[in-house]
Structures are given as structure tokens and as C-alpha cells.
Amino acid sequence: MIVKREKLNFWERLYLPALAGGLKVTATHLVNTLFKRGAVTMEYPEQKWTVPEGYRGAPYLVKDQDGATKCVSCQLCEFVCPPKAIKITPPGLAGQTADRANAEKMPLEFEINMLRCIFCGFCQEVCPEEAIFLMKDYSLTGTNRAEMIYNKEKLLELGGVHHDQIKKWEHKLDEAKEQEMFPVKD
Amino acid sequence: MDWFNHLNPDLQFVLLSAVKVLAVLFLALLPMVAYSVLAERKISAWIQDRVGPNRVALPLLSGIPFLGSFLTRLGIWQPIADGVKSFLKEDFTPDHVRKIYFWLAPAITLIPAFLTVAVIPFGSTLGAQKMVIADLNVGILYSFGIVSLGVYGIVLAGYASNSKYPFLGGIRSSAQMISYEIAMGMSVVSVFMLVGDLNLSKVIEYQAGTTLGFIPNWLVFKQPVAFVIFLVAAFAETNRLPFDLPESETELVGGYNTEYSSMKFALFFMGEYANMIVSSAMMVTLFFGGWTLPFFGLDQRAESAQWLTGLAHIGIFVAKMLVLMVVFIWVRWMLPRFRYDQLMDLGWRRFIPLALANILATAVVLFLLNK
Amino acid sequence: MSTAATTETKPAPPPVDTIKIKVDGREIEVPKMMPDWQGNLQPTTMLQACQLAAKEVPHYCYHPKLPIAGNCRMCLVEFGLPAMGPDRKLLLNEDGTPKITKQVLPYEPQTPRGAIACATPISPGMEIYPSSPATKQMREGILESLLINHPLDCPICDQAGECKLQEYSVEHGQATSRFVEAKVHKPKAVDLGPRILLDDERCILCTRCIRFTKDIVGDDKLGVVNRGSYNSIAAFPGTTFDNNYTLNTVDICPVGALTSKDFRFQMRVWFLKESKSLCTSCGTGCNLTVGSREDKIYRFEPRENNAVNGPWMCDAGRLNYKWVGRADRLTEVLVQDVGQASRLSHSSEKSKTGATPVLRKTTWTAALSEITEKLKKVPAGSVAIVGSARQTNEELFLLGKLAKKLGALTDSVPREGEADKLLVSADRNPNSTGARLTGLCFTEMGIHLPKIADGIKAGKIKTLIVFGEDVTKHGFGPDLLGRLDTLIVSDILPNATTRLAHYLLPGCAHAEKRGTFVNVKGRLQKFIKAVEPKGDARPEWEFLHELVHHVTGHNGFVSIEGLFNQMAHEVPAFHGLEWAKIGDTGVTVQI
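As given, the protein sequences belong to chains A, B and C, one line each in that order.
In this note's numbering, each residue's number is its place in the first sequence (first place is 1) plus 9.
In this note's numbering, each residue's number is its place in the second sequence (first place is 1) plus 33.
In this note's numbering, each residue's number is its place in the third sequence (first place is 1) plus 787.
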């Protein structure tokens, strides 16, 4: 496609009206900033941004309403994580038992390398247990690389409690108890 | 003062000159350079709806109620922090540069700017002293001579850096500065045709008084075309936007100063602002009546006892200069960079013919008036 | 190629009786009889016919190597038979083709009657519709019913990722469950045996495990207890499911009901890199797949090879992988300083305190060049080599070359155990046949060991090269080894011999290198690398090749392919073989 170039008229070629226009625009902004509206920028550490709903900040692990770790170490987030920021150590048979007895499994260690994390939210989306959420933290700092690898303890502490509506495991436990099928063995 | 009066006149002259040099350099020029950087940052922030530097605080001074925090928010201590930072930063010299030229270039950029100040009369008289470091008869020729040295610093920096971007920056600057020097010089010719003297003090004296009682006799009104050419050429000579092609961060990374860091980079930076100050001072002298104001008799030299008038003259000069500095800064945040061919076109095919025409017109008018 | 003589399946003698049937409207000719799980010829089933027609029929309880049970109903297919008139003649359509009656339920002619494809033999003219809407509907119904009581705990289930229930749910399942009542809860994590945990909730009662242990192993331990939806698998009262093949039930379990205690909650299967390898625990040479992630081995799984192990392997072999990742693996090239060595051997001769000599870490280049210098100077007949039947053919071949050049006595160490009926061989060395074929040892393995010991005692043998064996357990006491001028040892794990070595060269586990073994029946099989060697350890064939090259002056091949091909050229039993032609299941060689 050929765009036809308009021929400049005399005033445009003279450049001076454009110059005046520029002066006017910049002067208006200067006056507005100084005397009318103030700056549009925010002075960061003192003023903080209100994080909107649905914002994807740092991913943290959550506990359920009983304070039990929700993660069951299925490692789907580790699998789906595009930058491979998540590293989960499964419990193995000898590892610690899960917080919720009938959930059977809980990660031995859960690490997120926040330097690698790209806050895409795939982990939250893929999680079958609603155990990981992208929270509103956007300013993560540390003085060395090791500090930026958040372990399970830290992630759970930062994540806090998530009040889920489904209560899958609680429901299962109640059902099993009703059928006298729990605990599985004494 | 007795001891001073007993010295022989030559020695007196030397001592006084030394005092003047030190005062102008360290009390006026360098602080002005530092604070013009701050002004640049603040004004650019305001134009862009920002706040600008407002963080640097001095331990005790910031404690003063109201005023302390006001000064901090104004960024008044920022230049100090900038200076300290420049000194503390690692002075890194890349391995591939030509060491001697690399070290020499920043100094060569800064020194001509300082030297030019020598001939500018920044006040009438204070006590018995003329407020000019060197009252040369060929002041303007001297300053043009010195200013053209400034290009060497940048060209040398580009050459010494021994890498692509600085090299391109250096080449651009040499062509640009040489081109605009011609226009600049020619624009001034018409001014001196009117004044009839090359001494800058004489130029100022010529501009005293008013026409029709209210228009100052400033040459900007008598030679507007010369002023416009001089102004534009001054932008080009100081590498300021819209003519900052030697630097042009967006295309040449940093142009000639790409390889520089720490204090050596700061010297380039200071050089740019010192050049702006000198250009402003030169324009004030040539076109805005220097230290004079056509009212309240402020257009006559102060007598040796009139200390206040003497100081007022200096104040007037500085004030005029600051207005021009703001124009420099303002224009930078308003206009986009020219394309290189446009720059050359403007210099050679517009301003040089225009300056020649202006000289011719001035000559014709003078001829007719004198007849 | 020699595989021709040893094709696994026993083909029906030509000419094969065939039947013409139609699968999804396409006419194909299939053999009338096909081998069943034991290899006996039986009438071909619809499922086999569909497989021949490249139409997949989903199934849970059917397994080609197990007797047919037909209880999961997943393989239901709609089918039709040629209609016959009262005169027992085929009815024809107007265009002359035989008329087909789709089978329907009695008294309900709208409803197609499906047949389980795994157990229904085909008949001439039969039409099978494995992709028809009716078949799909049947599958969906069956799957929904199987999922009624399934706990849907895939996130914690080790089977997730290789679960047939998951796979078929994706293909034939519903997106949501219509079942709103309480699910039946059954025992979870039931200890079935020392290596097996059972989750009854996940079980779909296909009875593969029961049939396997009863019919394949002959150890009838499992059965179904309780009734109706409380049906569950259990070991017979008072017994544990503890034979040497229990872990195969984990493999064949189509869902996550049977899980291996060893692999339970260790790693999700989709992370595991699968490398084709071999079992080194006995002379059978079962084919297996190494599951590893980030240079850590998580499990061995049998890999089907009907010429060797079928789809099975024993538990002992399957769990014999942990030593590969042991922390005390030899990872450094160590050398005993010369002065120290002589002083030490001297003192040990007198005091016999047997203090551990001090070893200094060095580089491969330095150690190999020092060894070369020594080996070049030794007089013929003063060297002995003890290889290992755990080494690959290539390594044994190279050792043989070295022995030939040095005029050395060679042998390796026999390992005998008890054989069982199924897979385990009495010979516990994975490559005894290879050791014999490459000439490193003789028909009676270990016959030269006393000779070598005598040679050392008599002072005739001054240099001993040991690969992968702890010779102190085989008649070479520390005092005997102390008499040697030079003791060169290569091994993977530390033992009494490695501690006495003058030169210690860290070698690789088979999962860390490539090579070939020949099993007791003469099956030559290759295995590939699954994980990186630890530390400075290098595959033995690699540094042996360098050593042989330095000592003999003959250049060889620096790649395993080239080395194998060279060996095939020089060793009569391997004539005509090429690395690239071995294939994943190996070839049989003449022994």
C-alpha cells in the first residue's frame, strides 16, 4: 500500500507554528503539574497502589480452615510451571503423614524460586486442590538468590488460610466415618 | 587593604584576576552547572506530570521544620548526592580504548567552556574592578576561537573509545558543530556591524537606553534574525535537543560517551551544562543588553562607591541568563530530535544564506542611514 | 539376521486358516486361530480381530498374557451376524451381499446387544462395530458405572498419568458425575504384602492381580471378598502376598489400587525419563525401563520382551537400583603414592596390621598414563586380570585385548543362587555367557582364580588388575594383595579390595553407560544410559579403550557403536552383528 504524503503548506514548512504548539503543550503540563492537578506519579514506598481484583502476584500455598496444608503434592504445578520455578519433594512412604489423615499425601518440601516465577498463574489454574493462589504481593525482595527461593514453611505462612466452599476431604471423611470405614486401620 | 595598595600594579592585577577567576569558576559557574542539572530534572518532571528528584536529604538541614522538608522535596541536595556518586563510582576504563585520548577527552570538553567565560562581562563594576575577567578588545573572536575547540573533546572521545557508537557520535558532532559554527559566526557579524566594536563591554554599552521610551535598545530587537540564527546555532553547538545527534541515546546508546563512566562521564555532563551557561551568557551579552536594564538608570556603569548597583548589575545578568537556561531546558522536553539530513539542510541551506542576507541587509541599512 | 530363527510367537503352520469379517465396515481377513495367553492356539476373539484391524477396543480386565476373565465389560462392542433363513442358507440383500442382522436384546429390538470383545470368538461373515454410536454409548455407560464408587483422588494417586481409568475417562467419560448419593468407602492403604499397598476404593475388580498370581506365579494368594458394591480384593486370611513377583501386579493394575511401597509417593510418573535398560541381578537379563528424573533413578519397570521375560520381572531385580545413587559411590580417581605404597606393603608384610593406605586424588589422564608406563615395563606372565561377569561384552573384550598383550592370566568370579520356575536364573551374573564368549573366562568360571593366587604367593605375579569384584572374598587376602607391586582396581562401590588398590578407577553402574550383555540363553541385548555418572566416574569401556590404546599401540573406536562392531568382527560368536541392528529386544547368538 502506498500512503500519499500530504504536501506541507507554507506555515507547516516554516515550523514555527508547530514550535509554538509544542511550547503550549509543555507549558500547560508544567503549570498543571505545579499548580493545579499535581503529579500523576505515585511516590512508591509511602504511597502504595491498590491492587485490583484478579491481580496475579506471587504464588503462595494456603491452608484450609482447620489449619491443615491443602497441597497434596500432586506436582501438577511443578509440571505446568513454564519457567520451572516450582520444585516439590514428594513425601515418599516414610515421609511425614499429611495434616488431613484421609488426604494421605503432603509435600515434604515445596519450593518456589521467585526469581524464576513469571506470575502466569498456571499453577493456580492447574491445582486440583485449590492449594496455591497468586496473591497480591508484587514487590518481592531479597539480598541473595537463596533468599528468593521460598520454602514450604514460608509459602504457607505468607499464603494464610483459604476458606474453601467445597471441603472435599472433610466431606469424604464424614462419609467414611458414617460407613464405619475410618480410620482405615488401628 | 593597605598591603594590597602597596603592591605593584602588575601584581595587583594578577591577584585580582585570580580572585575573579576563582570566584566565577567555583562560586558561580560550577554551582550553576550542578543546579542546572537539577533544574533540568525538575522541569522535565513537571512537563511530564512527574515529581522529579525529591529524596536526597541532609541530616541536619532537613530537620528544620517546614523549610527543611520543602527544600528536600525541591531536590535541593540532589546535586551534592550526584557529585558524591560520580566520585565514588568505579572509574572503569575499557580494555580496548586508546588510553591517553580517552583520559584527555573529557577535560578537553570542559575546559573551553570555562575559558569562554573569561571575556563575558557579567557585571559593570564592583568597587573599582570591572566585572569581567579579561576585557579583551577581540572578545568575540576569542570566544569563537575557544568554542570551536570544544568539538575536539567529543571527536576525541568518539575516536578514543574505539567502538562503534561513540565513533558515530564523534563523527556526527564534528560535522554538526563545524556547520553551525559558520552560521553562528555570520549571525554575529551583523551585530558587530551595528556596534562597531568587538569588545563585549562595548556591545553592552551600545545596548543601554531605550527607543521610543519603552523598547530597550537591545540588539534582539534590532537584529531579530541574527538572534534566531544564533539561538538555533547555540542549541546545535551545545548538542542539546533537538540537535543532540552526537549523543542520541535512542540510536547510538549514548554516542560519544558510551564507554565512559564515573567522574569522566560526569565531566562530559558538566561540559554540556557549562556550554549551555556560556551560550546563555553570550546571548545575554550580545542580544539582551548584558547586565543592563533600561530603567532606573541601571544601564550605566556603577561608580566605585555604588556597591549595591554593582551587585544589582550582576543579579540582572544572572537573572537574564537563567531565563535563557530555562528556554534551553524547556526546548529539550518539547521537541523531538532532528534527522541528520534535516539538521545539515537547516544549517547549510537555510541559516548560512539567511545570515549572509542579514549581513547584506544590515550593511545596506547602515549605508543608507549614514549617507 | 539371526532373529529370524527366534521369533517370539509360535506362528501357526502355513497355510493359515483365515476368516473374512468386517470391522467398522472394512473387510479384513484374520486367522481363524490365534495364540492365547499361554501361546496355545485358540479361536480368534473379536478384540484380537479389532487389533488386527487397527481399531482400539478399550479394556481393563483383558491382558494378552493373562487368562480371559471378561468381567470389566469395558470392551463391549456392537456386532452383527449374517442372517440365515429357515433353510440354514445365508439371506442375501438385493445387491447380492449377505444380509446382516445386528444383534439386539430379546424383547427389546431397539437396544443393541453388545458382546465383550475379549471373550467372543469371531465367526465367518461377522461384522464388528467398534466405533458405532451404540458401542460408544455402551462404553460410556460402563465407564460411568465403574466410576460410581471411585474416589477420584488422582492428585494423590501414584497411578495418575499411566492410569487406564484416566485415559478412558478422557476418551469415553462424562464431564460431570450424575451420582449424588454417598460413595461406598472401602479400606485404603491396606498392607497386602511386604511390597504392596492396596487401595480398595480405587479398585475396579478387574481381577488381573488375582489371575496373575494364581496362573502366572502359581502362588494363589489373592481373592475377592464381600458382596455387591462392597467387593474388594484381599489376601487370603492368614497369608501375605509376598512372592517374588508381587510388584508385577502394580504394573498390570489398570487403576491405582495396587501401589508399590517402594515407589509410593516418590515421584509423579510424568516426570520420569524412560530409558531402555536391562536387569543385572541374574543371568536371565530381563528387559526393563529405567524411570529417572534429574539423574536420580526412581524405579525399574519390566519392558516386554517375549524372547526373555515376557511382560514380567521379579521383585528382587526390580528393587535392585538403590545402590546406583548411594552416597559412598566411588567418584574419584585415586592413586597411592609410590613411596608410601612400597613402605606400606613392606610394613604390612611384617606387622600385618593392614592399615588403610593413604590415597591421593588425581586425574584420569595422570592415572592412566602412570598405569600405562607400569604395564609397558612389566615382563610377560607377571600380570593377572580378574574381570567380572557383571561387565559388558565390550569391556570384557577390551580386557581380553589387554590380557593378550600382557600375556596375563584371566578369570572372573562365579555367582550362583537358586533358580525359580519363572524368571530367576541360578547364575546371578548378568553376563557370564558374554565373559565366556569374549574369552575372559572359561566354561567353568573361576577355575583360574586359585592359580592366580598361587602365582602371587610364589612371587610370579606382580601386577593384578581387578574389575568390579571384591577379590578379598575369593581367596585373595589382604596379605596376598600386599605382595603385589601394582594393584589396579576399578569398581563402583567401595569394598575391601578398593581400599588396598594402588590405582582406583571409579566405574559406572549399567544405568550410567551403554553396552551389551548376553544372557544365559544366549540372547545378546543392549542397554542405554539413563543417568549421568557420579563425580569423576567414567564408563569402564571408555577408559579401558584408552588404556588398551596406550598399552598395545593399536587404535580402536571411541564410540560404543564402533567398539561393538569391532568386537563383532573379532569375536566369533558375534560375527555379523552390528550395534545398530541389535534392536530393543536383542538377538540370539550361538553359544
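Any given hint could turn out to be false.
PhoX-like, lysine-lysine: derived pairs with alpha carbons at most 25 Å apart [what the hints assert, rightly or not]:
| id | chain 1 | residue 1 | chain 2 | residue 2 |
| --- | --- | --- | --- | --- |
| 1 | C | 1083 | A | 96 |
| 2 | C | 1163 | C | 1148 |
| 3 | C | 1161 | C | 1238 |
| 4 | C | 970 | C | 951 |
| 5 | C | 1163 | C | 1249 |
| 6 | C | 1109 | A | 96 |
| 7 | C | 1191 | C | 1238 |
| 8 | C | 1060 | A | 177 |
| 9 | A | 93 | C | 1083 |
| 10 | B | 118 | B | 255 |
| 11 | C | 970 | A | 177 |
| 12 | A | 93 | C | 951 |
| 13 | A | 176 | C | 970 |
| 14 | A | 161 | C | 1208 |
| 15 | A | 96 | C | 1060 |
| 16 | A | 93 | A | 176 |
| 17 | C | 1048 | A | 96 |
| 18 | A | 186 | A | 176 |
| 19 | C | 1208 | C | 1321 |
| 20 | C | 1191 | A | 186 |
| 21 | C | 1321 | A | 96 |
| 22 | C | 1060 | C | 1238 |
| 23 | B | 132 | B | 118 |
No lab work stands behind these hints: they were computed from the structure.
Status of the hints after comparison with the structure:
Between residue 1083(C) and residue 96(A), the direct Cα distance comes to roughly 15 Å. Compliance with the 25 Å bound is thereby established for this hinted pair. For a cut-off of 25 Å, the pair hint linking residue 1163(C) to residue 1148(C) stands: about 23 Å separates their Cα positions. About 23 Å separates the Cα atoms of residue 1161(C) and residue 1238(C), which keeps this hinted pair within 25 Å; it holds. For the suggested pair residue 970(C) and residue 951(C), the alpha carbons sit about 21 Å apart, so the restraint of at most 25 Å is met.
At roughly 13 Å between alpha-carbon atoms, residue 1163(C) and residue 1249(C) fall within 25 Å of each other, so this suggested pair holds. Taken as a hint, the residue 1109(C) and residue 96(A) pair is honoured in the structure, with Cα atoms around 22 Å apart against an allowance of 25 Å. The suggested pairing of residue 1191(C) with residue 1238(C) holds, with an alpha-carbon distance near 17 Å, which does not exceed 25 Å. The straight-line distance between the Cα atoms of residue 1060(C) and residue 177(A) is roughly 33 Å, outside the 25 Å bound, and the hint therefore fails.
At roughly 18 Å between alpha-carbon atoms, residue 93(A) and residue 1083(C) fall within 25 Å of each other, so this suggested pair holds. In summary, the hint linking residue 118(B) to residue 255(B) is not supported, as the alpha carbons are separated by about 46 Å, beyond the 25 Å threshold. Taken as a hint, the residue 970(C) and residue 177(A) pair is honoured in the structure, with Cα atoms around 13 Å apart against an allowance of 25 Å. Proposed proximity of residue 93(A) and residue 951(C) is contradicted: the alpha carbons are some 28 Å apart, above 25 Å.
This hinted pair checks out: residue 176(A) and residue 970(C) have alpha carbons roughly 16 Å apart, not beyond 25 Å. Straight-line distance between C-alpha atoms of residue 161(A) and residue 1208(C) comes to about 49 Å, which puts the hinted pair past the 25 Å bound. The straight-line distance between the Cα atoms of residue 96(A) and residue 1060(C) is roughly 17 Å, inside the 25 Å bound, and the hint therefore holds. Simply put, residue 93(A) and residue 176(A) have alpha-carbon atoms about 30 Å apart, too far for the 25 Å limit, and the pair is violated.
A threshold of 25 Å between alpha carbons decides the hint, and for residue 1048(C) with residue 96(A) the separation of about 23 Å falls inside it, so the pair holds. Between residue 186(A) and residue 176(A) the alpha-carbon distance is near 15 Å, which keeps this suggested pair within the 25 Å criterion. Between residue 1208(C) and residue 1321(C) the alpha-carbon distance is near 37 Å, which puts this suggested pair outside the 25 Å criterion. Proposed proximity of residue 1191(C) and residue 186(A) is contradicted: the alpha carbons are some 74 Å apart, above 25 Å.
Only pairs whose Cα atoms come within 25 Å are accepted, and residue 1321(C) paired with residue 96(A) is accepted, the gap being roughly 22 Å. The suggested pairing of residue 1060(C) with residue 1238(C) is violated, with an alpha-carbon distance near 46 Å, which exceeds 25 Å. Of the pairs offered as hints, the one joining residue 132(B) and residue 118(B) holds, with about 23 Å between alpha carbons and a cut-off of 25 Å not exceeded.
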